[in-house]
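Given the coordinates of chain A, work out where chain B should sit on it, guided by the hints.
The listed protein sequences correspond, in order, to chains A and B. Position 154 of the first sequence, counting from 1, maps to 154 under UniProt numbering, and the rest follow consecutively. Position 211 of the second sequence, counting from 1, maps to 211 under UniProt numbering, and the rest follow consecutively.
Don't take every hint at face value.
Because identical chains share one entry, a pair is satisfied inside a single copy or across any pair of copies.
[To be verified] Taking lysine-lysine and the BS3-like style, the derived pairs with C-alpha atoms no more than 30 angstroms apart in a straight line are: (1) LYS322 to LYS61; (2) LYS322 to LYS95; (3) LYS61 to LYS95.
Keep in mind the hints are simulated off the structure, nothing from the lab.
For reference, the chains in residue letters:
Number of protein chains: 2
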Amino acid sequence: MHTVQVETPGGHYPIHIGAGRLDAVAHSIPADATAIAVVTNTTVGALYGARLRAALEATGKPLLTIELPDGEQYKTWESLDRIFDALLEAALDRKAVLVALGGGVVGDVCGFAAACYMRGIRFVQVPTTLLAQVDSSVGGKTAINHPRGKNMIGAFYQPQAVEIDPGVLATLPAREISAGLAEVVKYGMIADPAFFDWCEAHVDALRALDGEAIRHAVRRSCELKAWVVSQDERESGLRAILNFGHTFAHAIESGLGYGQWLHGEAVGCGMVMAAELSARVCGLEAGAVERIRALVQAIGCPTLPPGLGAGRWLDLMRVDKKNEGRHIRYVLLPALGRAEVRAVDDEIVRPLLPDVPQA
Amino acid sequence: MHTVQVETPGGHYPIHIGAGRLDAVAHSIPADATAIAVVTNTTVGALYGARLRAALEATGKPLLTIELPDGEQYKTWESLDRIFDALLEAALDRKAVLVALGGGVVGDVCGFAAACYMRGIRFVQVPTTLLAQVDSSVGGKTAINHPRGKNMIGAFYQPQAVEIDPGVLATLPAREISAGLAEVVKYGMIADPAFFDWCEAHVDALRALDGEAIRHAVRRSCELKAWVVSQDERESGLRAILNFGHTFAHAIESGLGYGQWLHGEAVGCGMVMAAELSARVCGLEAGAVERIRALVQAIGCPTLPPGLGAGRWLDLMRVDKKNEGRHIRYVLLPALGRAEVRAVDDEIVRPLLPDVPQA
Numbered sequence: 001m002h003t004v005q006v007e008t009p010g011g012h013y014p015i016h017i018g019a020g021r022l023d024a025v026a027h028s029i030p031a032d033a034t035a036i037a038v039v040t041n042t043t044v045g046a047l048y049g050a051r052l053r054a055a056l057e058a059t060g061k062p063l064l065t066i067e068l069p070d071g072e073q074y075k076t077w078e079s080l081d082r083i084f085d086a087l088l089e090a091a092l093d094r095k096a097v098l099v100a101l102g103g104g105v106v107g108d109v110c111g112f113a114a115a116c117y118m119r120g121i122r123f124v125q126v127p128t129t130l131l132a133q134v135d136s137s138v139g140g141k142t143a144i145n146h147p148r149g150k151n152m153i154g155a156f157y158q159p160q161a162v163e164i165d166p167g168v169l170a171t172l173p174a175r176e177i178s179a180g181l182a183e184v185v186k187y188g189m190i191a192d193p194a195f196f197d198w199c200e201a202h203v204d205a206l207r208a209l210d211g212e213a214i215r216h217a218v219r220r221s222c223e224l225k226a227w228v229v230s231q232d233e234r235e236s237g238l239r240a241i242l243n244f245g246h247t248f249a250h251a252i253e254s255g256l257g258y259g260q261w262l263h264g265e266a267v268g269c270g271m272v273m274a275a276e277l278s279a280r281v282c283g284l285e286a287g288a289v290e291r292i293r294a295l296v297q298a299i300g301c302p303t304l305p306p307g308l309g310a311g312r313w314l315d316l317m318r319v320d321k322k323n324e325g326r327h328i329r330y331v332l333l334p335a336l337g338r339a340e341v342r343a344v345d346d347e348i349v350r351p352l353l354p355d356v357p358q359a
Numbered sequence: 001m002h003t004v005q006v007e008t009p010g011g012h013y014p015i016h017i018g019a020g021r022l023d024a025v026a027h028s029i030p031a032d033a034t035a036i037a038v039v040t041n042t043t044v045g046a047l048y049g050a051r052l053r054a055a056l057e058a059t060g061k062p063l064l065t066i067e068l069p070d071g072e073q074y075k076t077w078e079s080l081d082r083i084f085d086a087l088l089e090a091a092l093d094r095k096a097v098l099v100a101l102g103g104g105v106v107g108d109v110c111g112f113a114a115a116c117y118m119r120g121i122r123f124v125q126v127p128t129t130l131l132a133q134v135d136s137s138v139g140g141k142t143a144i145n146h147p148r149g150k151n152m153i154g155a156f157y158q159p160q161a162v163e164i165d166p167g168v169l170a171t172l173p174a175r176e177i178s179a180g181l182a183e184v185v186k187y188g189m190i191a192d193p194a195f196f197d198w199c200e201a202h203v204d205a206l207r208a209l210d211g212e213a214i215r216h217a218v219r220r221s222c223e224l225k226a227w228v229v230s231q232d233e234r235e236s237g238l239r240a241i242l243n244f245g246h247t248f249a250h251a252i253e254s255g256l257g258y259g260q261w262l263h264g265e266a267v268g269c270g271m272v273m274a275a276e277l278s279a280r281v282c283g284l285e286a287g288a289v290e291r292i293r294a295l296v297q298a299i300g301c302p303t304l305p306p307g308l309g310a311g312r313w314l315d316l317m318r319v320d321k322k323n324e325g326r327h328i329r330y331v332l333l334p335a336l337g338r339a340e341v342r343a344v345d346d347e348i349v350r351p352l353l354p355d356v357p358q359a
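So here's chain A without its partners, still in its complex pose:
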């Protein structure tokens, strides 16, 4: 097992990475917990719910399971309220602990429920998708979507621990592996050129879920994320670089309707767009843009943006949380492995935004 430590003002906690961690989650339940509620979705619950419950029964504490429907379109107030309802019906108190068993949606909704229930109870992340293992389960960002924008309602709220078992990725559809790899290669692009090189050299092993390659990718991703988050928990500066590609990605997801493209797929495409924009406004070399495009393609993510029409693209990007005033701010790369945030005039971005396809 490998441990990465996260140190933020909102909490210090370990990320445990290793085969079999799913069976060891009981170690992360605080001794004074009065009850445990596992929050999962119907898909993951069917695959790993019984195994996790068996592991948690070792604590001897009352155990409740709450299953949400599966999909980004359920990252809503309704799902949140379903959790609150179940917790209140079971009369769980402030010393109850939630366990998020699932991907980014489950982790975000369960984490936000923990942040709000009785003004805050403890929770543990048990991410089961590659995307959640390398990104969303680490760093304490929790949220639900609003019809007007993704992740608009949420909290910075740190878990007690993150338990990562790469073994559970075996049941993940190939498309979700590709989506998760988008966030993995992102860390190389924004902060670690050597890791970018390594990803280029190990694409096939990663897509085939080779154990050693996946463990290294998860570990390095968690280290880089923990390093960024420990310096800037509440995204007042550095942390924004983790949103490389995300301004475009959020517009894709919101513009096509949540759940059409996977979040990681939209991020893959968004990173290609952001690389092209970087070439235009801060000097990213053409060769680097092509390497980014080739790697996104190699991991199996789309590289061609959908036609939403430039006006709609810009409107959708304008509700991004990074913005200040009316200017859209983008994470850009002056070079591979180095990121910065800057506002870019709409007219410079417009040529990158495809029109609505003609019927």
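Same frame as chain A, but now just chain B:
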């Protein structure tokens, strides 16, 4: 003007108390704010909205007003979502600032909206009821109600500043003054016997809104609350004593339906019940119980609990946030001016809980 400072891990901020503070709120808006959204209700908005907006126009910042319906029954997700909708429609960013102009409901809903919008933006409290001025605007508790329990969903989230203008109390109905005085006298009961004596001696002046008496009551209440909150922001210990009378009060509000009794009225009655329970389990003298009953009556709050039936009373109190496991925990007074939290067996409490009235 008098200033009381609140120092918590979640934020340091001033409470300004003084005539005319409503016209000085612009001083509490941070210079880098990109926009201001005033959240109020239809009643308070009609009385003081224009005056506050005029004062805020001095900042030169874009100004938005969001009016909620008036009443505890609107302390819901729907009101919260109405705020999110308005903020997103106006494309307000993370550097926007909310201003809560109203009583406890507006302050709690607006504060919780600030805690969640884009994972947290800044806000300023401008309380306009006595209850909000002496209690709910100070200390960072924000929440909405859930059909299964009061204030069950929320956050600890501190404002940038609290601006208290006792002048606005002039338009408050007498019933709301009485409700606010319940929280004022509470501070004497739990922490300051001399202040309890002072309240007994100044009941008539307080109910008549005598300027000097009200200023002293607001100031001493804020000082005592700031002292408690600064030691225990997240209610892991000491802060629970502020809930004296509230276990019973929440059951009254929830059992009769939110909005039937005012929160402060329920607290008044709940303090009499808690005093009686204190006499039975921790030796509060009969004379002190009678002084508490007499003072609650003198400020104009009910002292006789409604008949909900003992079983229902206990069920309603069991969802209280102070509880751990299945035991109901009460704030009790071993003596006037001293409070402690302890679990009490249902059978000891039952005789205090009136039956359902016979038809």
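These are the hints, each one checked on the structure:
Proximity of LYS322 and LYS61 under a CA criterion of 30 angstroms is satisfied inter-copy only: 20 angstroms between copies versus 42 angstroms inside one chain copy. In this homomeric assembly, LYS322 and LYS95 come within 30 angstroms of each other (Cα to Cα) only across copies, at 10 angstroms, whereas the closest approach inside a single copy is 35 angstroms. Only within a single protomer do LYS61 and LYS95 lie at most 30 angstroms apart by alpha-carbon distance; the minimum there is 12 angstroms, versus 43 angstroms between protomers.
Of the numbered hints given earlier, the model fails none.
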